[in-house]
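Colleague: Once you have looked at the hints, place chain L on chain V.
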Amino acid sequence: NAGVTQTPKFQVLKTGQSMTLQCAQDMNHEYMSWYRQDPGMGLRLIHYSVGAGITDQGEVPNGYNVSRSTTEDFPLRLLSAAPSQTSVYFCASSYGEQGAGTKTQYFGPGTRLLVL
Amino acid sequence: DQQVKQNSPSLSVQEGRISILNCDYTNSMFDYFLWYKKYPAEGPTFLISISSIKDKNEDGRFTVFLNKSAKHLSLHIVPSQPGDSAVYFCAASPNNAGNMLTFGGGTRLMVKP
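Residue numbers (the working numbering), protein chains in the order written: chain V, 1 to 116; chain L, 117 to 229.
Chain V extracted, bound-state conformation (with noise of 0.2 angstroms):
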């Protein structure tokens, strides 16, 4: 199994430009999310979806759009890339809600993102 996958690994945008962050995961998670890592802040959730057709917004959505229509994809879109976008993005991916264990998240390689 590949797990987790992202690409790119690393983009220069300009100011105004969308991008679409490609992820992948071939465990057959239900549950997929995207996070970025600022310094000195963790890792912040962004959007999330528990199943195919399904997503919802995390802490920090705004300037960014998702959608899900396979178990295996869940791309994020940003629609007009700002300096305050400049971050590492995560994506994650884990079982359903069957019981505490499947809590586990399993990160792809993160993309390095910088807006001009």
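The hints are simulated quantities; they were obtained by calculation from the structure and are not laboratory data.
The model shown is predicted, which means the values in this text are computed figures rather than measured ones.
Using N, Cα and C, we set each Cβ at its ideal position, and we do this for glycine too.
Please note that a few of the clues may not be correct.
[Said to hold, decoys possible] Computed list of chain L residues with no C-beta within reach of chain V, every gap over 12 angstroms: (1) 118; (2) 122; (3) 129; (4) 131; (5) 132; (6) 158; (7) 172; (8) 179; (9) 181; (10) 185; (11) 201; (12) 209; (13) 228.
[Unchecked claim] Between beta-carbon pairs, the in silico distance windows are: (14) 59(V) - 167(L): 20 to 28 angstroms; (15) 27(V) - 155(L): 19 to 27 angstroms; (16) 210(L) - 26(V): 22 to 30 angstroms; (17) 229(L) - 14(V): 26 to 34 angstroms; (18) 161(L) - 84(V): 24 to 32 angstroms.
Modeller: For chain L alone, coordinates are given in the frame of chain V:
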């Protein structure tokens, strides 16, 4: 307001000694806690977890302790090894919000040979 706090940004320990990383939380709805380890340019990797019905969980050199009354958890690494040098994040999940995780700011552990 941060609901999960790691008040020590960094910690330096000698190889072979014990490393103790601390984490405090404010939300009494949190019922599941996890520790992740992160190396530079990689994603966080799951280390160990604990449910609120327990006060201790061990996995090899790693032990997590939970003090619910104090809203405090700690990760003990014994003995510490240079390969343990990484950033450690604690995370918490509430009992009414599925698998959503709230992370602390992280503690950078440096284990000196």
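Colleague: All hints are to be evaluated individually against the structure, with a verdict given for each.
Modeller: Hints, one by one, checked against the model:
1. Here residue 118(L) does not stay apart from chain V, with its beta-carbon only about 8 angstroms from theirs, under the 12 angstroms limit.
2. With a least beta-carbon separation of about 8 angstroms from chain V, residue 122(L) fails to lie farther than 12 angstroms from that chain, contradicting its non-interface assignment.
3. The claim that residue 129(L) lies off the interface holds: its Cβ sits roughly 21 angstroms from the closest Cβ of chain V, which is beyond the 12 angstroms cut-off.
4. For residue 131(L), the requirement that its beta carbon stay farther than 12 angstroms from each beta carbon of chain V is met, with the minimum near 27 angstroms.
5. The Cβ of residue 132(L) lies farther than 12 angstroms from every Cβ of chain V, with a closest approach of about 29 angstroms, so its non-interface assignment holds.
6. Distance to chain V contradicts residue 158(L) as a non-interface residue, since its nearest Cβ pair spans about 6 angstroms, not more than 12 angstroms.
7. The Cβ of residue 172(L) sits about 15 angstroms from the closest Cβ of chain V, beyond the 12 angstroms cut-off, so the non-interface label holds.
8. Listed as a non-interface residue, residue 179(L) keeps its Cβ farther than 12 angstroms from every Cβ of chain V; the least gap is roughly 17 angstroms.
9. Taking the minimum C-beta to C-beta distance to chain V, about 17 angstroms, the non-interface status of residue 181(L) holds against the 12 angstroms cut.
10. Non-interface call for residue 185(L) relative to chain V: holds, since the shortest CB-CB distance, roughly 20 angstroms, exceeds 12 angstroms.
11. Non-interface status of residue 201(L) relative to chain V is upheld: no Cβ of that chain comes within 12 angstroms, the nearest being about 18 angstroms off.
12. Listed as outside the interface, residue 209(L) is inconsistent with that label: its C-beta sits roughly 5 angstroms from the nearest C-beta of chain V, within the 12 angstroms cut-off.
13. No Cβ of chain V comes within 12 angstroms of the Cβ of residue 228(L); the nearest lies about 23 angstroms off, and the non-interface call holds.
14. Against the hinted window of 20 to 28 angstroms, the Cβ-Cβ separation of residue 59(V) and residue 167(L) comes to about 23 angstroms, which satisfies the hint.
15. Checked against the hint of 19 to 27 angstroms, the pair residue 27(V) and residue 155(L) passes, with Cβ atoms roughly 21 angstroms apart.
16. Under the hint 22 to 30 angstroms, the C-beta atoms of residue 210(L) and residue 26(V), about 29 angstroms apart, fit the expected range.
17. Distance hint check for residue 229(L) and residue 14(V): the Cβ-Cβ separation is about 45 angstroms, which falls outside the suggested range of 26 to 34 angstroms.
18. Residue 161(L) and residue 84(V) have their C-beta atoms about 28 angstroms apart, which keeps the hinted 24 to 32 angstroms range intact.
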